[in-house]
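Student: One-letter residues, chain by chain:
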Amino acid sequence: MFAVIQFPGSNDDRDMVHAMKTVLSADARLVWHGDSELPSDCRGVLVPGGFSYGDYLRCGAMARFSPVMADVKRFAENGGPVLGTCNGFQVLCESGLLPGALRRNRDLHFICETASLLVESTGSVFASELSPGQVLRIPIKHGEGCYFAHADDLAALEANGQIVLRYCGPDGEVSEATNPNGSLGNIAGITNRAGNVFGLMPHPEHAVEPAFGGTDGARLLRALIQAGEGA
Amino acid sequence: MSEAVSLPGDPKVDEQLAREHDLTDEEWQNILEILGRTPTYPELGIFSVMWAEHCSYKSSKKHLKTLPTSAEHVLQGPGENAGAVAIGDGLAAIFKVESHNHPSFIEPVQGAATGVGGILRDIFTMGARPVASLDSIRFGPLEDPKHRHLLRGVVEGVGGYGNSVGVATVGGETQFHPCYAGNILVNAFNLGIVEADNIFLGTATGVGNPVIYAGSKTGRDGIHGASLLASAEFGDEADQMRPTVQVGDPFTENCLIEACLELMSTDHVVGIQDMGAAGLTCSAFEMASRAGTGIVMELDQVPQRAADMTPYEMLLSESQERMLMVARKGREAQVCEIFQRWGLDAMVVGRVTDDGRMKINWHGDTVVDIPVDPVSAAAPELDRPTQEPAALRERQKLDTSALPPEEDPEGALLALLDSPNLCSKAWVARQYDQLVQGNTLIGPGGDAALVRVKRDDGTPTRKALAISADCNPRWCWLDPFAGTQAAVAESARNVACTGARPLALTNCLNFGNPEKPEIMWEFAEAVRGLGEAAEALGTPVISGNVSLYNETKGSAIYPTPTIVMVGLLEDHTRHAVSQFREAGRVIVLLGETREELGGSEWLLFRTGREAGLPPRVDLDHERRLQGLLREGVAAGEIETAHDISDGGFAVALSECTFSSDGPGIGARVELRNGIRPDALLFGESTGRVIVATDSPDALLERAHAAGVPAARIGETGGDRVSITPTGGEAWVDIPVQELHAAWAAGLPRRLEAV
Chain E
1 MFAVIQFPGS NDDRDMVHAM KTVLSADARL VWHGDSELPS DCRGVLVPGG
51 FSYGDYLRCG AMARFSPVMA DVKRFAENGG PVLGTCNGFQ VLCESGLLPG
101 ALRRNRDLHF ICETASLLVE STGSVFASEL SPGQVLRIPI KHGEGCYFAH
151 ADDLAALEAN GQIVLRYCGP DGEVSEATNP NGSLGNIAGI TNRAGNVFGL
201 MPHPEHAVEP AFGGTDGARL LRALIQAGEG A
Chain Z
1 MSEAVSLPGD PKVDEQLARE HDLTDEEWQN ILEILGRTPT YPELGIFSVM
51 WAEHCSYKSS KKHLKTLPTS AEHVLQGPGE NAGAVAIGDG LAAIFKVESH
101 NHPSFIEPVQ GAATGVGGIL RDIFTMGARP VASLDSIRFG PLEDPKHRHL
151 LRGVVEGVGG YGNSVGVATV GGETQFHPCY AGNILVNAFN LGIVEADNIF
201 LGTATGVGNP VIYAGSKTGR DGIHGASLLA SAEFGDEADQ MRPTVQVGDP
251 FTENCLIEAC LELMSTDHVV GIQDMGAAGL TCSAFEMASR AGTGIVMELD
301 QVPQRAADMT PYEMLLSESQ ERMLMVARKG REAQVCEIFQ RWGLDAMVVG
351 RVTDDGRMKI NWHGDTVVDI PVDPVSAAAP ELDRPTQEPA ALRERQKLDT
401 SALPPEEDPE GALLALLDSP NLCSKAWVAR QYDQLVQGNT LIGPGGDAAL
451 VRVKRDDGTP TRKALAISAD CNPRWCWLDP FAGTQAAVAE SARNVACTGA
501 RPLALTNCLN FGNPEKPEIM WEFAEAVRGL GEAAEALGTP VISGNVSLYN
551 ETKGSAIYPT PTIVMVGLLE DHTRHAVSQF REAGRVIVLL GETREELGGS
601 EWLLFRTGRE AGLPPRVDLD HERRLQGLLR EGVAAGEIET AHDISDGGFA
651 VALSECTFSS DGPGIGARVE LRNGIRPDAL LFGESTGRVI VATDSPDALL
701 ERAHAAGVPA ARIGETGGDR VSITPTGGEA WVDIPVQELH AAWAAGLPRR
751 LEAV
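Going down the list, the protein sequences come from chains E and Z. For what it's worth, the working numbering labels the leading residue of the first sequence as 1, then goes sequentially. For what it's worth, the working numbering labels the leading residue of the second sequence as 1, then goes sequentially.
These are computed hints drawn from the structure, not numbers from a lab. Ideal placement from N, C-alpha and C gives every residue a C-beta, glycine not left out. One or more hints might be untrue.
As the list claims (entries may be wrong) - For lysine to any residue, the following SDA-like pairs were computed, each having C-alpha atoms within a straight-line distance of at most 25 Å:
hint, chain 1, residue 1, chain 2, residue 2
1, Z, K146, E, L108
2, Z, K553, Z, R606
3, Z, K397, Z, E610
4, Z, K217, Z, G364
5, Z, K397, Z, D618
6, Z, K62, Z, E33
7, Z, K146, E, K21
8, E, K21, Z, D618
9, Z, K58, Z, L32
10, E, K21, Z, G90
11, E, K21, Z, G458
12, E, K21, Z, P460
To be verified - Where chain E lies over chain Z, by a calculated footprint (3+ residues, C-beta under 8 Å):
hint, region
13, 246-256
14, 435-441
15, 457-463
16, 645-656
As the list claims (entries may be wrong) - Which residues of chain E face chain Z? A few of them, derived with a C-beta cut under 7 Å, are:
hint, residue
17, G9
18, N11
19, D15
20, H18
21, F51
22, H109
23, F110
24, I111
25, C112
26, E113
27, R137
28, P139
29, F212
30, G214
31, T215
Construct all of the structure, not just a fragment, from the sequences and the given hints.
Tutor: Dropping the structure here:
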């Protein structure tokens, strides 16, 4: 099964189950943040978007202390695939599973729009349906999606091919003008060094049906399913 | 005779204190009669909030009674937390719109946020999962820095709360007019979906059943929000009213939604009610009144946020995110367990009685003992005098023959597209989560929002609901009867443009001070127009809200009856959008253009005048037109349908060429010259829709059979918008890019330039 972690303030948790289960026919279920362990047959973990604990402090700063997160960490360290979207990305950064942090958007406003994303690194299990240079269209909706990392971390991300997605224009151009939130290097999604933990601000679960935002998001979720089922 | 004791420290209750609570001398005499004694201080507080305009509807009740509220598909009309309509497959849609005008003017972020929170609670209180929000917001001119600040704050508040609770904001309206300089309007709408046999009502039934309080603790915020803030005009002291505004906590609301929905999937509760205006007092009275029962409450058991609160403060607090419910006897532990799992307080605070009295105890003393019915059901009903405004006839005068013809149609079109009321509102909508819950087929910017229906277990259906919020306040000011009819007709037409059938409507009636006969006349006329139009279109009024006293230092807002129409589309895989989707489609104009320039945007732009009679509304034509749209979309003949409204034909055609990302597919049309060209281009005759079709013959045949005027006027394609009179020189021939740039920049340039 695939575990969709449910924090009290999660919002896209049911949407993730809808995408994984109803649309992509995977066995996905909600797992309560207060549980001390992931289900024993867990093949992959999804940390969905929302405002885990209201996020009045710092996004994801409380969620990392949720009982289930210790087991998610163990699962990731054993090589299990973990995908965090939006608030889930923030939680993975706060938990130390991914480097860097997400800050208030450059213009301080919440942004909801469809983003163009340039595929860069395709070395991880999450990129099995992607090719370098491809442009994906997936919605973003966040107030704190401005990716930041220290120079050393950033250099390591670049050097190790951990940057999967960058914000770009319709034709793939990456520039300040195509950067919606001020992220360093237009970074929209990164993996850990081992390539089994993937965090991104865009919402793949909101791009799995043609009439509801297109189907580019399904490429990422199917890759996770394959990785989990192949493990 | 009832008994209740005053506590040490309570002020002396007399006629003078009653007046300070905004009670009239007559109301004071009524209180003495009902109780047979002088009220205690908390009792006086209760009467003052329950009988305030905001809770009692005393000025409006007489008129609201005339509205059509029932139909076969209406499951719940006005009187409950929200209305409900059946949408088939055993499902129901629950919806309502409500104002949070006064608080948003005082403190825009929290005022707007708590407006959203309040309307959400009205929906999930009935057992429905909230799925779609709209906001209808109106401000003074953007040249005024205060109103730029208010717009930013309100949008931040609506977004901050809605985004955080996980309910998509899928549409709404944003308008600007000097009449809102002293009173902005913030009307929040929400719609939820519920299994029709699982609708919960706010009733306190079952003698002996426990009364349970759940959610946030009670604090000192919002005391007298409903009575003082919402039920009086603003004067110079507006800023000092900030403490009457509540503060919202969307995280708690999110947990409260999940906990309540979980609870309502069990059979532990018999009645549930949110604590909105007038807080604990109003909710307890309403629940007992609906059931014909009484309640005894141990007020000291209510969870408290602040130390040393008095019963008076506890009863009148409008702290947010609180619910009151009546559970089955013996289920107390199960109910509290659910709330505790979501990290929320839940306490048994009383029980249902059979004596029809509200008895409230405080550490062993009875401080309130009032018969329920005389306070809630028998609240005052006024028959306020009405009088047509002296200036009305004057403002309705417009001699169009004296108007110079438009010399520069292209310049006028670009200026209109850039104007604050017609330009793109993407700056607003971009700050809202439009997608969460994954059902948004058409989001902000469409004629109507279109939202797929899912069952609560997540199973998607083929059904979708179309929702549109509309009002043209200028028309309502020129003629409140016709203007309100036009608002109902437009909202229904917008819904029909997606292919949906309008089912029912909710409304928020925003007006000035009802104690002035001219305002009361506007109100009465608007309600009359609302009733007639709702009747004619078969869309009953199932819920609503009245906001009066939108007046500052004697200056009232224009009458603004916001109408929100909800319609049902049986198969969402066939729906129309408001943009052109393909080149080479035939453009058909449905409806008739008359020489109507009264109250138009063009008239205001060219002459600075708001004058004349608003365009005529033909409700029979509307019904036929809307039926045609529905059939045409279902038959696959209509892929684009866009209502012609503010700014007229030229503006509407331009909007069809704007895609969600930028300039889209252009259009070339030819109009038959019969009336003055500026009326053809910019007149706002109602009942007209621009349609694009790949089967024009079938559609024209269908229109003919339906008795709807229809004309083939051109084709989609290219990257320009060109409008030419038959056999003449082009009136308009502009690149879509240029039109789009003007339209897209309208709001950002006004907000960011300074």
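Student: For every hint, state whether the structure bears it out.
Tutor: Now for the hints, and whether the structure bears them out:
{"no.": "1", "hint": "Z:K146 with E:L108", "result": "holds (20 Å)"}
{"no.": "2", "hint": "Z:K553 with Z:R606", "result": "violated (30 Å)"}
{"no.": "3", "hint": "Z:K397 with Z:E610", "result": "holds (10 Å)"}
{"no.": "4", "hint": "Z:K217 with Z:G364", "result": "holds (21 Å)"}
{"no.": "5", "hint": "Z:K397 with Z:D618", "result": "holds (21 Å)"}
{"no.": "6", "hint": "Z:K62 with Z:E33", "result": "holds (24 Å)"}
{"no.": "7", "hint": "Z:K146 with E:K21", "result": "violated (49 Å)"}
{"no.": "8", "hint": "E:K21 with Z:D618", "result": "violated (49 Å)"}
{"no.": "9", "hint": "Z:K58 with Z:L32", "result": "holds (20 Å)"}
{"no.": "10", "hint": "E:K21 with Z:G90", "result": "holds (24 Å)"}
{"no.": "11", "hint": "E:K21 with Z:G458", "result": "holds (10 Å)"}
{"no.": "12", "hint": "E:K21 with Z:P460", "result": "holds (12 Å)"}
{"no.": "13", "hint": "246-256", "result": "holds (count 6)"}
{"no.": "14", "hint": "435-441", "result": "holds (count 7)"}
{"no.": "15", "hint": "457-463", "result": "holds (count 3)"}
{"no.": "16", "hint": "645-656", "result": "violated (count 0)"}
{"no.": "17", "hint": "G9", "result": "holds (5 Å)"}
{"no.": "18", "hint": "N11", "result": "holds (3 Å)"}
{"no.": "19", "hint": "D15", "result": "holds (4 Å)"}
{"no.": "20", "hint": "H18", "result": "holds (6 Å)"}
{"no.": "21", "hint": "F51", "result": "holds (5 Å)"}
{"no.": "22", "hint": "H109", "result": "holds (5 Å)"}
{"no.": "23", "hint": "F110", "result": "holds (5 Å)"}
{"no.": "24", "hint": "I111", "result": "holds (6 Å)"}
{"no.": "25", "hint": "C112", "result": "holds (5 Å)"}
{"no.": "26", "hint": "E113", "result": "holds (6 Å)"}
{"no.": "27", "hint": "R137", "result": "violated (10 Å)"}
{"no.": "28", "hint": "P139", "result": "holds (6 Å)"}
{"no.": "29", "hint": "F212", "result": "holds (6 Å)"}
{"no.": "30", "hint": "G214", "result": "violated (12 Å)"}
{"no.": "31", "hint": "T215", "result": "violated (13 Å)"}
Figure legend: structure checked against the earlier numbered hints; hints not met, in rising order: 2, 7, 8, 16, 27, 30 and 31.
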